[in-house]
Structure formats: C-alpha cells, structure tokens
Amino acid sequence: MAAVTENDGVMRAADGTPLKQALARATRMNKIRAFLLTTPLLAFILVTFILPIGLMLFRSVSAPEVVEAFPKTIAILKEWDGEDLPGEETYAMLATEMSDRDNRFNLGKAGTRLNYIESGFRSLMNLTVRRIKRAEEPPYKDAFIKIDERWGQVDTWKTIQLAGDPYTIRAYLNALDLTQAPSGEIVAQPEIKQIYVTLFLRTIWVSLGVTAACILLAYPISYLLATLPAGTANLLMIFVLLPFWTSLLVRTTSWIVLLQTNGVINDILVWIGIVGDEDRIQMIYNMTGTFIAMTHILLPFMVLPLYSVMKTIPKDHMRAARSLGANPAIAFARIYMPQTVPGVGAGSILVFILAIGYYITPALVGGQDGQLISNIIEYHMKKSLNWSLAAALGGILLAGVLALYWLYNRIVGINNMKLG
Amino acid sequence: MSAIPSYAGPLERFWYYAFRFLCGVIFLFLISPIIVMIPLSFNAEPYFTFTPEMLALKSEAFSLRWYQDILDNDQWLHSMKNSFIVGIAATFLATSLGTIAALGLSRSEMPYRTLIMGVLLSPMIVPLIITAAGLFFFYSSINLAQTYTGLILAHTALGTPFVVITVTATLSGFDRNLIRAASSLGSSPQRTFFKVILPLISPGVISGGLFAFVTSFDEVVVALFLAGFEQRTVPRQMWAGIREQISPTILAVATILVLISVMLLAAMEILRRRSERLRGLSPS
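In order, the protein sequences belong to chains A and B.
Note that the working numbering has the first sequence beginning at 1, numbered continuously upward.
Note that the working numbering has the second sequence beginning at 1, numbered continuously upward.
Only chain A is shown next, with the shape it has when bound in the complex:
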C-alpha cells in the first residue's frame, strides 16, 4: 500500500482519497443502503396499490369507445364545421362502420358512451345498426333520416363529434352536476339529475357532525383518563380499546340490535313510559342510525390522540392558575384547553378523513337517506356500470382526502403518527 506522502494540507483516508471525498462517498452509500431497505415495500405498494388506483382514475378521463368504433367517421367529422348537416360521405362511412361485423363489440360500448352524453343514444344506435344493414345502396343520408329523424339534426352529429375525443372531463363535470352541451358550452344539469353535489355536501356535513360529536364525547373521558391514577386509567382504557379492537361489522350489527324499532333502546323507552308502544322511534335505516354508529366507531380515534396530549400537560399549571386566583372554569378555559388544541386537531383530522370515506356503516344502517358518497361510487361501480363517473367521483373524494392528509402532515407529522 502506498504511503500517504503528499503534503498539501488535505486530510486523507488510508487509501489516499481526501477525507472529505471519502466521507461524502460513505454518506452516499449509507443513503443508498437506507433507501434499498425501503425498496421492497415501496415497489410492492407502487405496483399493487398506487398503480391500480392510478389506472382507475385514468378511467375518469379516458373515453376511447367512440373513436375505436368509428375511427374513420370521427376522422371525417374532425373537418366538419358543425354548421349544416355533414355530407353524404360521412353518412356513408358511418353506415360502413356500423355494418362491419368485426366491429359489433365496439358498437355496443360506443352506444353506452354516447348514452352518458345524451340519454336515448344507446337505443338510437341499436335501432340504426339493426336497420342500416338493409339499406345497401346510397343515398345513406336519407336512409339514416328515415330510420330516425334525429339523424337529421345537427346536435346528434355534434354529440358524436364531441364523443370522438378519446379524453374528456365529462365524467368530472357530471360528478359536479354539470354537463357539456353539444355546442361545447358547460351548463348545469337539469335539476332532477343534480344529486352529486348534494351528496358530497351531505357527506361533508355528516363527517363534520361526527367529528364534532367525537370531540364532545372524547374530551371529558380523555380528561378523566389523563388525570386519574395510572392503575384506574389503564382499567378504564379498556372501555376505549375494546371497541377500537372490535370488528366494524360486529359493532354495526350491534347498533342494529340496539336501535331497531323492536330493539333494546326502544324497549327500554317503552318500559320507562317515555314513548308509547305504538309510536316507537325510528332510529335506524336513516341518517340517525348512520350518525350514531359512525360516532361510536370513530370515537376511539379521537380519544387516543387527545389522551396522549392531555397526559403530557403538567398538573401544576392548573394549580398555579388556581393559586393566582382563577376560578376553576377560567383556569380550565384559559390554561388547560389551549394546551389540548394539538390533540383536538390531530384527532379531528383523523376522524374526518375516516368519516368522509365511510362505506360499510351507511350501507348497512343508512337506509335511503343515510347514504354517503362512497355508497354512490359503489353503485356506479357495480350496478349502473358507469365506471368513468365512479372514477370521477372517486377522484374528487381522493383529492379531498389527500388535501386533508397533507394538512395532517403539516400539523401532526406523519412520522409522529401513533397507534394504540
């Protein structure tokens, strides 16, 4: 090994590299090593979780069905000025593409896509596809108009032209109760179709209400737990931790048992004589049921952060305030409560994030008017099969949750998140 002989005032490692450089390399190696440890999980989450959600969100803007079914017609329509009806060649091309037997599968999907834009389009497509094959010879324009007079309207063609764009924000417009007129103008949906904004607002209101209820219920018991001697507090903590560890479905089932018309609570009320046997209170399969069950399920998520903050507040503060002449209420409001704000903030964001995405409880105990946005996403996923609308509603919900998550990170720091 060569001796370190150069004498230029630079500190060197044993192998002759300047110490600074060697240190930089070692730091870099450590960084890479730390990163390599996280790569298996990072890769796993990216592939099995982030990618699927990204692909699903892509569905909210992707609309390739019409251009796949009628590539040539759409190409011709690109040149069309949208003033008068398109020329005979457009009708002829549409007839050719509609009669193509290999195209059958695409036709159905294109019909569904067009139907999202203009209801009635699917049946128009089906009817036309069935009949146009018989009209073997030109002029196709007259043949089309004879099948249905809508083919003689400029708006019908504008709709097809609009749907020819493989990317669209239409699903997002629909999710916000807006729509795009054939002219391209963005207008409000007809009033009977305006349901999603109401539903989003309802979800936000319910989540806020549940969060408020959780603060009101969690504050006193957290205070009690934080100020009792450790032994008693640990014992009482079971009342918080047991529900926390108990299955969501078990708790929801139990609320059905408690709240139903012939359930325990109504029985007790009748027995006491507060309500008559005939007018038992309807507390379930409506918003009341959703609200009570959600509050119960999310309460531990408020108690745990609040308790951990309250435990760190020294008892001397209150005593000092009292000795300086504050009465208990003032001492509590001016000295104690401000110190619990971080706990309330952390708990509130956590509860609100969880509440806003709730699905199970509203689906089981919500009935008709206790449904939240998650339930309508499921409906569009599984029943109406309007996947782009489901994806758009999900995208908006996700954006809201991520914004709250960012806020949580700013206030609490995700590195400080604790469980149990």
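Honestly, the hints are just simulated from the structure, not real lab data.
Hints may contain errors.
What the hints assert, rightly or not - Calculated lysine to aspartate or glutamate pairs in the DMTMM-like style (CA-CA distance at most 20 Å, straight line): (1) A:K315 to B:E12; (2) A:K78 to A:E68; (3) A:K20 to B:E109.
Position chain B relative to chain A; hints supplied.
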C-alpha cells in the same frame, strides 16, 4: 381530578360528581354495543330482542343453538378458514416487508423520508371504496380477481402501514450504538439483525403484525369487490348475513369475534408492557 380536594365548595362537589356521571354515560355508550349482543346470542328464540323469559333469567330461555348453527354450517366454517388463511399470509408478508422498510426509514440518512412515508402509509389513508374499485379493475385485468392470491396481496397492502408505524415507533427508542458494537465485534449485518435488532424490536414487530392481522380479519370492502364465493371471509359472510336474512347466528359469530378482540387486546397490552420494560421506561 383524582380526588376531590378537601377545600372544595358545594358547587365544585356538584361538578365533580356531575362530571363523573357524564363520563360514566360516555363509557356506557362505548361499551354497551359490545356487551348487549353477548347475552342475546344465547337467546333460545330466533329474535334479536330480549324475551321476557330471558329477563326473568329462566334457563330454558337460553340455548347454544346459534353456536351449534355455526358449526353445522359449511359456509361459516369455510369463511372462518379463509379468514385465517388470508389473514395469516397477509400478516406474514406485511410484517416482513414493513419491518425491513421501517429499518430503512428510521435511519438518519434516509433520503426523501416524508415523501416515501406518505406513499407507504397511503393504503391507510385512501378511502377503502377507492382502493377496492382500483384493485377490482386491475386485478380483473391480470386474472387475480376472485383468487386467494389477489385477496392476500390486497390485504397485505392494507396491513403494511400499521407495521411501518409501530416498528418505526419502536425503533425510535432503539440504541444505534448496539448495531455499531455488534459490527465492531465482527458480526455480519444479517447476524446483527437477527441476533441484536430483532429481539429488541420484537414487541413492535409483533404488535404491528397483530394490527395487520386485525386489518385483514376485519376487512370487508375490498373482500366485497375481490373475493369470489370460494374466497368468502368471515366479514364478507357476515355482510351477506346482515343484508339478507338477519339471524341470531350473526350474534353468535359477533360474540366469538369480540372474544378474539379481547384476546388481541390482552396480547397488545402485554407487548406494550414488555416494550416499555425493554426500553427501561418502567420498572420490571
């Protein structure tokens, strides 16, 4: 608060008892839904309510028929088995992946920590319905929908954040000099991990694993989208039971699940105490 001071006036005394009463009511709200169904699961009648005979504590009003029902029903047994298969596999995967990642995240040299932490914790934050919808499309397109593999992978992703959080928390109290000591004594990194690090962080790893198991064992939304009839888990089966014909069998299953959560809670408490003792936070 712990005891009423001797100088307290009548108003303060009143507040003291009123506050305790209020807290009692809130504790009752928390616990009564879990308690109330236990006696009902022994109801001899197929009702969801207490019969007058039950309230009079007559022995013939109680029976084990709903528990017998579970044992006689292939679907319940099958879903029980599925829940354990999926839960144990997902827990194993989540615990190993999550522990290794937590080791990297708790190093001071970790680059982009907040960003990576955000990605790793995202399965816990994203609303379940969005997760379920995304996984449904993706797993259908690669033929993993309605397979055990698909369900296990999904539950693994949902369980990893809990492992990452608990293990990172445990590592924050870990003395890094021990690693240096082991290396200086000639131990290989693998050996150091298994002989020095793992035994010390095991309470955190196990409680993270328990969280992951509970997450999988209690998960229903993703199971609704991804599981076929063959892969039905207990929550999936309960969901069907609550929606279709609600029978006291559900209450018997629920009671068993409550017992399981009591055991898990006890396990967590033991782990917490052990972890505190290891860190020297409380006298042993």
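We went through each hint and held it up to the structure:
no.: 1; hint: A:K315 to B:E12; in the structure: holds (18 Å)
no.: 2; hint: A:K78 to A:E68; in the structure: holds (15 Å)
no.: 3; hint: A:K20 to B:E109; in the structure: holds (17 Å)
Going down the numbered hints, you'll see the structure goes against none, and every one checks out.
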